[in-house]
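Colleague: This is what each chain is made of:
There are 2 protein chains.
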Amino acid sequence: MERKWIDNIKIVEPYIPGEQPKDENIIKLNTNECPYPPSPLVNDAIKNFDYGNLRLYPSINCDRLKSIISENYNVSKDMIFLGNGSDEVLALCFMTFFNSDKPVLFPDITYSFYDVWCKLYNIKYEKIPVSDNFEIISKDYFKENGGIVIANPNAPTGLYLEFEEIEEIVKNNEKSIVIIDEAYIDFGGESAVSLVNKYNNLVVVHTFSKSRALAGIRVGFAILNSELKSYLEAVKNSFNSYTLNSLSITAAEKSMSDLEYFQKCREKIISTRNRTINILNSIGFKTLNSKSNFVFTTCQNQKASYLYEYLKSKKIIVRFFDKPRINNYLRITIGTDYQMDKLFEELKNCL
Amino acid sequence: MERKWIDNIKIVEPYIPGEQPKDENIIKLNTNECPYPPSPLVNDAIKNFDYGNLRLYPSINCDRLKSIISENYNVSKDMIFLGNGSDEVLALCFMTFFNSDKPVLFPDITYSFYDVWCKLYNIKYEKIPVSDNFEIISKDYFKENGGIVIANPNAPTGLYLEFEEIEEIVKNNEKSIVIIDEAYIDFGGESAVSLVNKYNNLVVVHTFSKSRALAGIRVGFAILNSELKSYLEAVKNSFNSYTLNSLSITAAEKSMSDLEYFQKCREKIISTRNRTINILNSIGFKTLNSKSNFVFTTCQNQKASYLYEYLKSKKIIVRFFDKPRINNYLRITIGTDYQMDKLFEELKNCL
Chain A
61 MERKWIDNIK IVEPYIPGEQ PKDENIIKLN TNECPYPPSP LVNDAIKNFD YGNLRLYPSI
121 NCDRLKSIIS ENYNVSKDMI FLGNGSDEVL ALCFMTFFNS DKPVLFPDIT YSFYDVWCKL
181 YNIKYEKIPV SDNFEIISKD YFKENGGIVI ANPNAPTGLY LEFEEIEEIV KNNEKSIVII
241 DEAYIDFGGE SAVSLVNKYN NLVVVHTFSK SRALAGIRVG FAILNSELKS YLEAVKNSFN
301 SYTLNSLSIT AAEKSMSDLE YFQKCREKII STRNRTINIL NSIGFKTLNS KSNFVFTTCQ
361 NQKASYLYEY LKSKKIIVRF FDKPRINNYL RITIGTDYQM DKLFEELKNC L
Chain B
61 MERKWIDNIK IVEPYIPGEQ PKDENIIKLN TNECPYPPSP LVNDAIKNFD YGNLRLYPSI
121 NCDRLKSIIS ENYNVSKDMI FLGNGSDEVL ALCFMTFFNS DKPVLFPDIT YSFYDVWCKL
181 YNIKYEKIPV SDNFEIISKD YFKENGGIVI ANPNAPTGLY LEFEEIEEIV KNNEKSIVII
241 DEAYIDFGGE SAVSLVNKYN NLVVVHTFSK SRALAGIRVG FAILNSELKS YLEAVKNSFN
301 SYTLNSLSIT AAEKSMSDLE YFQKCREKII STRNRTINIL NSIGFKTLNS KSNFVFTTCQ
361 NQKASYLYEY LKSKKIIVRF FDKPRINNYL RITIGTDYQM DKLFEELKNC L
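Chains as they are written, first to last, in our numbering: chain A, 61 to 411; chain B, 61 to 411.
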């Protein structure tokens with residue numbers, strides 16, 4: 061059939077997420093999910109959910125969820141913006157806040173969705189090289205720009221940029237919105253949330269997918285001043301009024317209110333991460349100093365692509381990025397101690 | 061605090077959805093929700109859901125859900141695009157398919173999100189007036205355009221445009237993508253889905269929110285040829301990889317597979333609707349010939365705005381649009397027979 065409409069179509073190259081294999085025997089260390097289940101309160105809430113209410117639209121404002129987040133983060137409710145995963149939150153932030161002729165700045169090695177969003181919306185951007193040690197250099201961001209986005213800890217490196225350095229970037233860019241994507245902050249480092257009341261150009265983005273073990277519910281949120289939030293809310297309500305569903309809202313409420321479980325869970329992951337770094341380094345790897353729930357590591361005696369394929373053949377999936385500067389590294393999600401022991405065993409067999 | 065960044069912000073007027081009152085004693089006839097609960101299979105699926113799996117990202121492709129939809133609609137799986145409510149599906153369709161210098165066409169009286177999306181993306185548009193009887197005139201759409209979107213049955217009128225007229229619009233616009241938004245088609249009329257294999261410029265959009273009583277899960281879908289679907293999928297994956305959550309996917313699967321419950325439910329609503337039209341007309345209203353789960357009606361002896369406020373004071377909420385041409389009409393969702401009897405009683409008291 062002829063395609064006479066083809067000129068009207070937007071044709072883009074999408075972001076490609078990590079593999080989602082169906083085989084349940086696979087040890088899945090490739091998408092930075094939590095190896096532990098979410099808070100048991102989530103289970104109770106789902107089991108007790110009155111399914112008849114699903115006939116109704118969800119709560120528009122998610123007041124209860126916002127109240128719980130507001131207490132946890134010590135910010136007012138009107139500074140909280142909720143979205144369908146932190147990816148949607150970020151996508152809407154890019155659409156709302158990055159409308160300048162000057163380029164948006166972000167590191168050359170970082171979450172690979174940032175340039176995808178820029179391309180989708182025709183936003184100019186400039187990738188700022190990280191150092192040879194993969195560190196973000198804050199003063200490189202002290203120049204004219206149309207916005208800044210920094211993942212902290214950064215992905216896929218896991219490196220944390222000190223709180224003071226983040227503050228310097230925010231302070232030196234009062235003409236732009238600075239987004240700090242803190243998807244992994246709960247695994248180390250200090251959140252920039254406490255700076256939101258001090259700087260009106262700062263947006264901090266969090267997710268339920270990592271430290272709260274709820275990647276399956278698709279809930280993320282931004283903390284930002286109420287004026288910026290109102291612009292973001294208006295764009296969101298011009299795109300989709302109800303981005304969160306009733307079941308996920310309930311699950312998120314319960315998860316966010318179970319602080320004890322959350323602490324226990326992240327402590328276990330931090331402890332396994334530190335053990336992982338030591339063991340990897342003892343068997344010939346050089347591993348970056350991760351503050352996240354994954355490690356970024358390179359082997360001195362074997363190519364990363366080879367290790368990736370070898371592990372895959374042993375039903376262990378990690379992440380390999382075939383990209384300049386990082387194509388000899390593996391990103392390995394922190395699993396349970398049992399899963400990591402299996403990984404170490406296979407790596408030793410291979411080397 | 062100074063706002064030196066203000067020029068970089070996109071400032072828009074959002075779509076305003078119907079009220080969502082919290083008072084459970086209210087008879088809520090304002091947002092076209094289903095008065096009956098979803099299929100009981102949905103309840104079983106939620107109760108039996110293994111909450112531990114929520115730690116994982118949802119299925120990327122939703123294969124099982126697509127298979128069930130594919131069987132129900134007799135189309136191949138690669139013609140199905142899923143989104144976070146039909147609003148997200150439509151929002152992404154506008155972004156993907158409407159990139160022309162020519163205006164997108166839609167009726168002047170229709171779903172009020174269409175012009176909101178055009179404004180959000182800076183898409184040119186032209187509103188084509190419906191007739192004095194609120195009918196869409198198909199030949200008015202036989203002219204140069206950058207795309208067409210028609211709600212069928214239309215909202216808030218509930219009027220159905222005959223299948224043959226829809227086909228004429230699609231056939232006479234081979235240079236544009238024609239979107240038929242069939243949110244209400246299950247309550248009357250024939251779906252245009254059967255035309256998707258015949259015309260490669262047609263996109264048909266459906267939702268779980270109305271006839272499947274699942275507004276709370278936020279799932280909608282489009283049926284379109286696989287090439288168009290691949291462009292839409294790429295844009296979606298450039299915006300948000302995982303727009304559907306695991307619980308909603310499961311609920312949608314169960315709902316879509318319970319054909320018997322679905323039929324029973326829509327028959328009840330159709331029967332209550334026809335009774336509603338008769339009763340309203342017998343007490344001084346003029347009601348359009350609705351093929352949807354709501355009626356659009358005007359009272360010969362009393363202003364719509366007055367009736368709206370009166371009903372609200374009696375804890376019955378209907379929808380009133382303070383807009384040209386329709387500001388003497390009420391849009392009333394079909395509830396249970398009990399709820400409608402309460403409505404008739406209050407209207408009789410008022411008149």
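Calculated from the structure, these hints are not laboratory results. The reader is advised that the hints may include incorrect statements.
Intra- or inter-copy, both count: the list cannot distinguish identical chains.
Unchecked claim - Here are the simulated lysine-lysine pairs, DSBU-like style, with alpha carbons at most 35 Å apart: (1) Lys-70 - Lys-184; (2) Lys-374 - Lys-64; (3) Lys-235 - Lys-328; (4) Lys-187 - Lys-363; (5) Lys-64 - Lys-375; (6) Lys-374 - Lys-363; (7) Lys-162 - Lys-70; (8) Lys-64 - Lys-184; (9) Lys-162 - Lys-107; (10) Lys-372 - Lys-184; (11) Lys-231 - Lys-203; (12) Lys-203 - Lys-82; (13) Lys-372 - Lys-231; (14) Lys-289 - Lys-199; (15) Lys-203 - Lys-70; (16) Lys-346 - Lys-137; (17) Lys-408 - Lys-374; (18) Lys-346 - Lys-199; (19) Lys-289 - Lys-82; (20) Lys-199 - Lys-258; (21) Lys-187 - Lys-346; (22) Lys-363 - Lys-402; (23) Lys-70 - Lys-137.
Colleague: Hint by hint, work out which the structure violates, then give me just those numbers in ascending order.
Modeller: 2, 3, 5, 9, 10, 12, 13 and 16
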